[in-house]
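Below, each chain spelled out in residue letters.
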Amino acid sequence: MFEEGNHSVVHEGWEPPVSSPGKRGLRGLITGLLGLHFGLVFLCNMPMSALMVHLDDYYSWYLKGTGQWQDGWRMFERPSALNDYYELEIRDGHGVRMERVRGMRELNVIINAGAHSPELQDEVLENYLWRKRKELSRDSLAVVKLHRYTSTIQLEERVPRYFQRVQTWVMREPDLSE
Amino acid sequence: MMDQFFHERLSSKPLGLFRALWGGFLVFYLIDSWWVMDLYSGSGGMRYQGWMPEGKYTYGYWSLFQLVQSGSPWFVLVYGAALGSAVGLMLGWQARVASVVCWACINSLITPLAWGFAGVDFIVSIVTFLMMIATLGGHSLHWYAVQPVRSAERTTPAWIYRLFQVQLCMIYFFSGFWKAGSGLWQNGTAMHYALGWTASASRVDFSLVTQYPIVNALFTHGVMLFELAVFPAFIWVAGARRWVLGAGVLFHLSIGILLDLAVFGGVMIVYYACFLTEQEAERIAEWSANTGRAIKNWWRSPGNNR
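Those protein sequence lines, which keep their order, are chains P and F. The number in the working numbering is simply the position in the first sequence, starting from 1, with 93 added. For the second sequence, counting from 1, position 287 maps to 281 in the working numbering; every step adds exactly one.
What the hints contain is simulated information worked out from the structure, not anything from laboratory work. A hint or two may mislead.
What the hints assert, rightly or not - Chain F regions said to be covered by chain P (calculated; three or more residues, Cβ under 8 angstroms): (1) 24 to 30; (2) 69 to 81; (3) 111 to 123; (4) 132 to 145; (5) 285 to 292.
All C-beta atoms, glycine included, are put in the ideal place defined by N, C-alpha and C.
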């Protein structure tokens, strides 16, 4: 079960070093603080409830202040059915060109500005495009536009017919002998 | 058992390697995130236009940008200090000071992010704080540092490692926990959508896989199994640790290729360094040094015309 020299497991036959009561007390204190720390991290990851909302007020300052607040790791919890893509249209002295937005961080800003805060979407995207212009063109009069192309992933259409479950009845002559 | 788990003395080599790798990763992360940090905290950024929700800085949240009204040149200063301190951490140069500066600046840059905030920012913020704790105590500075701490016993108490390790297990567990509550992950179709993002996110088209619901379901439930049980539980089992770490590297490389999430894949793979043994850390450091020497020799070779 145990592997020697491994940082992730506990070895068999380990004996705590002989130490003074003061050092033992310090070890106990550190163990207690670590237990408290892991307990608070566990709590802040739990779903919201009447209890959690109440408890938040007492400990969230510690995790938020140290940059350790984590309200659930919800990466791709509900994958979107949208298969949108975005293109930047750049008009400057060199003419017009199109550039696809590929970076996940940029897509994150663009998509979430609309999804989470529709009232702020225009302002966020205008600020984003203003900064993007400096990156994409040296021409101070350049104009950058963002185009969105929408499509939706259909679950049913993708499933080939031979995988569909089909309910079948086979005709059988009734037994009329009796 | 608990006393041994937290207080056993372990080699500080893996921690030293982790510190160096973490500093290197932070340089990459900061360069990659420049534009989104500038979008919020730079000159004319959204932080200064009254859009930040008022509650963002309450209940303990803070940022150095609270102290100023306009971005320039404050943003450049904070960003530059973050970058410089990340290099300091990587090299082990003035690392104690660097770890504090790094934490203060990175926390200040991440806190104002709203739209565009991603899971990787959470992880960077958390690990930078924990690395500060490890570095302030000098535990990460015995090895792989230009200014190493010269103490006779180059070991560290296990609890320094446990801080990182238990946190990583919680990240995986809760990621699986939230997925388990979602209908798409329960019915095995979540990966159908992720693999179908051919226009939006994917660089490589894996949509052919979406034609096979059995494979989709296998991938979907495989991800949940890895996050809920395989990593958080089996990483502690002898003999399984290397397999779990190997599976994790494959898992994050796959996500990186599929969704172009190089930064997220990078942070998770670098994070695995806290689970290495002394021998493994030595081998990785040796391999890196040999590779560096080979590149240097190639660069300086006469046939290279440089």
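Each hint, compared with the structure:
Proximity of the region 24 to 30 of chain F to chain P, defined as three or more residues with a beta carbon under 8 angstroms from a beta carbon of that chain, is established by the 4 residues found. With a cut-off of 8 angstroms between beta carbons, the region 69 to 81 of chain F has 0 residues touching chain P; three or more are needed, and the interface restraint is violated. For the region 111 to 123 of chain F, the stated coverage by chain P holds: 8 residues have a C-beta nearer than 8 angstroms to a C-beta of that chain, and at least 3 were required. For the region 132 to 145 of chain F, the stated coverage by chain P is violated: 0 residues have a C-beta nearer than 8 angstroms to a C-beta of that chain, whereas at least 3 were required.
A stretch counts as covered by a chain when three or more of its residues have a beta carbon under 8 angstroms from one of that chain; for the region 285 to 292 of chain F and chain P the count is 0, and the coverage is violated.
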